[in-house]
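Q: Sequence:
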Amino acid sequence: MSTFGAASAGNTNPNPNNSFEVAQPPSDSISSLCFSPKANHLVATSWDNQVRCWEIMRSGNALASTPKASISHDQPVLCAAWKDDGTTVFSGGCDKQVKMWPLLAGGQAVTVAMHDAPVKEVAWIPEMNLLVSGSWDKTLKYWDTRQPNPVHTQQLPDRCYALTVRHPLMVVGTADRNLIVFNLQNPQAEFKRITSPLKYQTRCVAAFPDQQGFLVGSIEGRVGVHHLDDSQQSKNFTFKCHRDGSDIYSVNSLNFHPVHHTFATAGSDGAFNFWDKDSKQRLKAMARCQQPIPCSAFNNDGSLYAYAFDLIIFFPYFVTTKSLFTSETFECKGAINAGWEFLLMLYTRFQCIFQKPDKEHNVLVKGLPVGKAVIVARSAMTGAKGQKITIQQQQRHPYTFTCLRIPRLRASLELEQVEESEIGYALAFFVVVSAVKRVA
529 MSTFGAASAG NTNPNPNNSF EVAQPPSDSI SSLCFSPKAN HLVATSWDNQ VRCWEIMRSG
589 NALASTPKAS ISHDQPVLCA AWKDDGTTVF SGGCDKQVKM WPLLAGGQAV TVAMHDAPVK
649 EVAWIPEMNL LVSGSWDKTL KYWDTRQPNP VHTQQLPDRC YALTVRHPLM VVGTADRNLI
709 VFNLQNPQAE FKRITSPLKY QTRCVAAFPD QQGFLVGSIE GRVGVHHLDD SQQSKNFTFK
769 CHRDGSDIYS VNSLNFHPVH HTFATAGSDG AFNFWDKDSK QRLKAMARCQ QPIPCSAFNN
829 DGSLYAYAFD LIIFFPYFVT TKSLFTSETF ECKGAINAGW EFLLMLYTRF QCIFQKPDKE
889 HNVLVKGLPV GKAVIVARSA MTGAKGQKIT IQQQQRHPYT FTCLRIPRLR ASLELEQVEE
949 SEIGYALAFF VVVSAVKRVA
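For the sequence shown, our numbering assigns the number 529 to the initial residue and increments by one for each residue that follows.
A portion of the hints provided could be inaccurate.
What the hints assert, rightly or not - Label-pair restraints from in silico Cβ distances:
{"no.": "1", "residue 1": "549", "residue 2": "615", "range": "39 to 47 Å"}
{"no.": "2", "residue 1": "674", "residue 2": "541", "range": "27 to 35 Å"}
{"no.": "3", "residue 1": "807", "residue 2": "600", "range": "40 to 48 Å"}
{"no.": "4", "residue 1": "634", "residue 2": "721", "range": "40 to 48 Å"}
{"no.": "5", "residue 1": "717", "residue 2": "773", "range": "44 to 52 Å"}
{"no.": "6", "residue 1": "676", "residue 2": "543", "range": "29 to 37 Å"}
{"no.": "7", "residue 1": "672", "residue 2": "807", "range": "22 to 30 Å"}
{"no.": "8", "residue 1": "654", "residue 2": "809", "range": "14 to 22 Å"}
{"no.": "9", "residue 1": "595", "residue 2": "541", "range": "23 to 31 Å"}
{"no.": "10", "residue 1": "773", "residue 2": "739", "range": "34 to 42 Å"}
Keep in mind that the hints were calculated from the coordinates and are not lab data.
Beta carbons: idealized from backbone N, C-alpha and C, even for Gly.
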């Protein structure tokens, strides 16, 4: 065992933990993972507008996966949750709606919830037989899926970034480091509002299994352990994780083990670790993958741990002398949707992320390590606080640029510079691979 805050070792192997890779993974980045509460059915949402389900089968120490079904949204999907009976999946995303998918019955997905901005979080509350959704429109809505209108709309102080439910406890993390605690026995009123004990943007939250507190992770590579009872405040602490020397990476996922109540963290450094908050120890440090882990999940009995990680489209073991891409010219129409602050100059369908180094969006990523570049890209995609889109930006004239892309060498981790009519820089495009890891 090692103490909290210790660093984990790096690894150049793309699958250093010998994890099992599911069949037919998504073609774009995975945004969330969740297991059925009743079976080993794994659902992943992704930036290719898809919600996919696999059945994970075990035979002794061997694992196998079978793609079961998938549905589409109109835009990237950010979150999903299972109904407690394991029959239905709810998914929400950038199309501002939540779909209900009767997966096991083989039915068609129907829209059951709507927001005025992308839906970042959804959760099913079986004790209330209600769906809750959190959005970047600064609202939290409770839904009876049989009715077209929300049962209740709760105003939030800012955009919803993270949400966790362990009835009667619900914690919502928003922009500006707000943590709003709800007692779901009185869901129409805030129980407590807390400023995050972490200095930087909230990335994820996880309620204690005993509902006495919660974990919060931030983009600064730090986790906070917070108790709600005022008499237990002396037990609160924070610890560093997902760091490599002076490089700091986002904590992207927090998950409690359903049996032992230890927890796992996963981060943009490509590592996932297992911890015990009571003894303040790291129980197990897994080998670091080469690319960030944006999300993870335990299955219902804690015997499987699923995680997703991003691989640059030029895999480390893939070497070629032939150019895979040619010069391409695109038109940028400024802020396509003012509600998507993070989508300004973001063209994932062109397999690049463009950011102009001018006064309006001065984000320069050229020359950063890949890990840091991924933080910029992934935090932006998940609602990181940044410059507001102005009316001037919305009205800016279209312009064109040309991007010349070539294969990267096996050992190269540098970001490629874009040759365009108005000088800019590009981040690599990421293909996400989902993997399932056996927990010993």
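Q: Against this structure, judge whether each hint is valid.
A: Here's how the hints hold up against the structure:
1. 549 x 615: 39 to 47 Å: 27 Å, violated
2. 674 x 541: 27 to 35 Å: Cβ of residue 674 to Cβ of residue 541: about 50 Å, so the range 27 to 35 Å is violated.
3. 807 x 600: 40 to 48 Å: 45 Å Cβ-Cβ, so the 40 to 48 Å window holds.
4. 634 x 721: 40 to 48 Å: With a Cβ separation near 43 Å, residue 634 and residue 721 satisfy 40 to 48 Å, so the hint holds.
5. 717 x 773: 44 to 52 Å: Holds: the Cβ-Cβ distance is about 46 Å, inside 44 to 52 Å.
6. 676 x 543: 29 to 37 Å: 46 Å, violated
7. 672 x 807: 22 to 30 Å: 42 Å, violated
8. 654 x 809: 14 to 22 Å: Roughly 33 Å apart at Cβ, these two residues miss the hinted range, so it is violated.
9. 595 x 541: 23 to 31 Å: 26 Å, holds
10. 773 x 739: 34 to 42 Å: Given about 38 Å between the Cβ atoms, the range holds.
Taken one by one, the earlier hints fail for this structure at numbers 1, 2, 6, 7, 8, listed in ascending order.
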